[in-house]
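4 protein chains.
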Amino acid sequence: MMRLLVQCPDRPGIVSQVASFFNQRDLNITDMDQHSSEVENGIFFMRLEFQADLGDLETIKTDFEKQVAKDFDMTWRINSSEQKKRMIPLVSKHEHALMEVLWRWSSGSLDVEIPMVISNHIDLKKKVEGFGIPFYHVEVDKKDKSKAEKEILKLTEGKADFLVLARYMQILSEEFLDNCPVRIINIHHSFLPAFIGANPYKQAYQKGVKLIGATAHYVTKDLDMGPIIEQDVARVTHRHSSEDLKEMGKDVEKLAFARAIRYHIEDRIIVHGNKTIVFS
Amino acid sequence: MMRLLVQCPDRPGIVSQVASFFNQRDLNITDMDQHSSEVENGIFFMRLEFQADLGDLETIKTDFEKQVAKDFDMTWRINSSEQKKRMIPLVSKHEHALMEVLWRWSSGSLDVEIPMVISNHIDLKKKVEGFGIPFYHVEVDKKDKSKAEKEILKLTEGKADFLVLARYMQILSEEFLDNCPVRIINIHHSFLPAFIGANPYKQAYQKGVKLIGATAHYVTKDLDMGPIIEQDVARVTHRHSSEDLKEMGKDVEKLAFARAIRYHIEDRIIVHGNKTIVFS
Amino acid sequence: MMRLLVQCPDRPGIVSQVASFFNQRDLNITDMDQHSSEVENGIFFMRLEFQADLGDLETIKTDFEKQVAKDFDMTWRINSSEQKKRMIPLVSKHEHALMEVLWRWSSGSLDVEIPMVISNHIDLKKKVEGFGIPFYHVEVDKKDKSKAEKEILKLTEGKADFLVLARYMQILSEEFLDNCPVRIINIHHSFLPAFIGANPYKQAYQKGVKLIGATAHYVTKDLDMGPIIEQDVARVTHRHSSEDLKEMGKDVEKLAFARAIRYHIEDRIIVHGNKTIVFS
Amino acid sequence: MMRLLVQCPDRPGIVSQVASFFNQRDLNITDMDQHSSEVENGIFFMRLEFQADLGDLETIKTDFEKQVAKDFDMTWRINSSEQKKRMIPLVSKHEHALMEVLWRWSSGSLDVEIPMVISNHIDLKKKVEGFGIPFYHVEVDKKDKSKAEKEILKLTEGKADFLVLARYMQILSEEFLDNCPVRIINIHHSFLPAFIGANPYKQAYQKGVKLIGATAHYVTKDLDMGPIIEQDVARVTHRHSSEDLKEMGKDVEKLAFARAIRYHIEDRIIVHGNKTIVFS
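Protein chains in written order, with the numbering used here: chain Z, 1 to 280; chain F, 1001 to 1280; chain C, 2001 to 2280; chain S, 3001 to 3280.
One chain only, chain Z, in its complex shape (with noise of 0.2 Å):
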């Protein structure tokens, strides 16, 4: 199966465009989602499977471009759900993040490719090669974060589609995402934009709140504020301790990530400016 995602100027005739150049070449559509920003002038957003041979991709992505994307002005892409895409971990020492995605892997869960996993800590080696998969020690030396990233950088190389940060305690540098050609989903342990930062159990506990949350988004520069892809919620009460919302938070944890990379291989996220279009 084959998934096309577009954005572009909104104007009429997009859809019968699109919907047409796959008709002429009897390729069946399967599903169809739009979304624009606006009723007029706004952003239009598509996303479109449809039935095709691999071998045919190419011919069709050419096409695409020529005859239909060009004229729109559109971004696009179309992935093929059986060329998996490859996803690279990064982990400090809390497990729970890494072992719901590799355990979600092994059980079929997850249909991605895991060809390492990277940790600046000694401490996962021995889950994750359980599971079959090499793993990376990369320590960070805290004067100078740079050698760390480098290796991280040079170690990922043409190996990843995306990298995701599973609880890693590590805020990446400016010129880390420069280089680093793939986009990084990272789990954020709070309701943001609540609690950015350090710490945001502590600071829900000190606050009092009701509900605690966890936020899944692609990582930019500004540190927890990139765009947002899922957000789940449990309810507290007084009676827990900040040591309860951190147990508590680790199941909202690891369900919004979980949901957010399975959006991201299926090819169901759309960036726009700083906020995401998810086509669940």
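It should be emphasised that the hints constitute simulated quantities derived from the structure, not laboratory data.
Glycine is no exception: its CB is placed at the ideal position from the N, C-alpha and C atoms.
Check the hints yourself; a few may be wrong.
To be verified - What the simulated footprint calls covered on chain F by chain S, stretch by stretch (three residues with Cβ under 8 Å from a Cβ of chain S suffice, anywhere in the stretch; the number is not a length):
| hint | region |
| --- | --- |
| 1 | 1013–1022 |
| 2 | 1053–1059 |
| 3 | 1235–1244 |
| 4 | 1272–1279 |
Given chain Z, put chains F, C and S in place with the hints provided.
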């Protein structure tokens, strides 16, 4: 704004034909949502919003039938948001579901006309009339319900596009349903198919459930078994008495009922067999 | 039914002493809930329901202070459910939060007296009076708010056990808060501490959040930062406009507001520092 | 930490007597939760946490029975958190519920011992042993289940404080239940009492529900009708296939199952008739 709802056997080219139809008439499609029940040989469902003058509606309908719908064997309808639907609520003594609806209507949140309210009790007369809505009291003779039902059919004839049962505690006869030309939405105070029939909160209490629910559905001849439109739940504990469940259930009922009505008003629902497609 | 609320430094023997006190007077304890902030040296919180004649209330109070409270350095109060609290809502033009409250009150779901409604706009006069509740219009001079605030203090003096801000779009001055002898509950239309201040739905829309929220809290001098009583959220998507968020948010606000008021009425809340203990 | 669970006919003075008992022994009560099923003549339920040395446990038990429990005709138990409960999971081929539990256990989130896992299939042997837990394969002869059941009883004899059915697809016979001396927790993949029996997701799909659920309950002789411990739901739409419901349902099952087990481990559950009191 116009809304087209389509249901037909799935086959290649439908989207393309529909989109062309609107494009050729310079009618701008502002939203489009589509679903196929199977990858191959399924049923195709579509909801499409487009901009057009109300004056052109009849021509568009005639042309659409001739040029598109006939070929694909479509069941379809086009409604204009400018033509408000007329909704008649039936109620007994429990006021919360009715009041929720009248309230949303009076504050402009529910884009509908309410020509009258019908009740088998006199209790809510004053409250209904306080909204400037005529109130009809149609008493039900327990030995012969048919008289009341005939009166309701007569009162609503030609005046309603749909009826809603806002906790109307009478089971409508097959004869009534055969003769009622419009859809009827019921709010059932349980998470169907659990707790069909009378006193669901008491049943739920005795069963010791940890969640209570409400279900809004279209009425069919099978008691409480018609196509489900919307459901919601609330968490309860052993501390809650049967009375508490009733009270807490009201909030769940109100929300599920109001959402189901809004989906119906905005032409977001297609009924297929005993299930609904809700383009929410 | 009587309700005792206690807060004091934790130490062994409190429960035993309190329970003995009621047992010796043959006052049946029907519900008891307790919380200690820490295993050792924390703060002890308790809510206790017991059966007693209203006529004995004063004697019980005097005895409790002498025989129990004093020894343990307790902050405490006993209220009878037979003495309804008096609540005065302040509102601007947005009606949903106010109407929700009046509605629940009129249907008997909210065990409270409402001696009046105060608004800085005339818009809701008719609707409020339709409930048989006096409506006072207190215009706010933007250059000098103190005049209006003084009028509100005078109007409510001796007539309110607590105030509620049902979307009252004026920030109350420190002077007002210093002179207002009763608690004030506010409903803020966001998931605090995210989106403090004006136009939270617009802020939420621009940030692209996937959940919107509402927070009911006690008012303090820190804008939108008082002790949180209740919070709730609703899921939103990219399809929802800023207007949609506003509309959907109303349902969340109404429920969080109504629940917070009920907790307050039923003496379920103890404020400790900037947090609440809610014995729900 | 010790936990006392009490159930007895309600009458004045219980709390006072219990609290005095602990106070006289200088045993600090750190948490206390109480519930009466009715205002008068109901059943009294209580959970109490207190600090004591494990070495004093037997004396405390003996004294409590003599000095308090006997008078009030109490059913009661005291457990120490230092004595970990032993849990034996039974599983078939679906791994998600089992793995969730093993995973939480291995990360220290579930304070329990797991002496073995028993399955009627060999499939999960390697995964279970990867956690360092013995795996026993007990094949079920469809014509004569009693042989397998006897083997399970023998394997678990004296080694389990409770069993959990982590999607064990065999119905346990009345004989087994009569002879099994410990509680059994089952996770049913539907929102009971809807969709009792086989293939609940298929049933839910055919019914077109808008929410799917899972129910964790104690096993009794009535199939899927034992006392409910915990339930949860997830929202679904017409877009979700029967397969999708199964997949999404896993997350709901896992959470409801893990929470129910935690409540059991932490002595938070009292079973009364066909219902549970969960002091969560």
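query: Taking each numbered hint in turn, which are not upheld by the structure, reported in ascending numerical order?
result: 1 and 2
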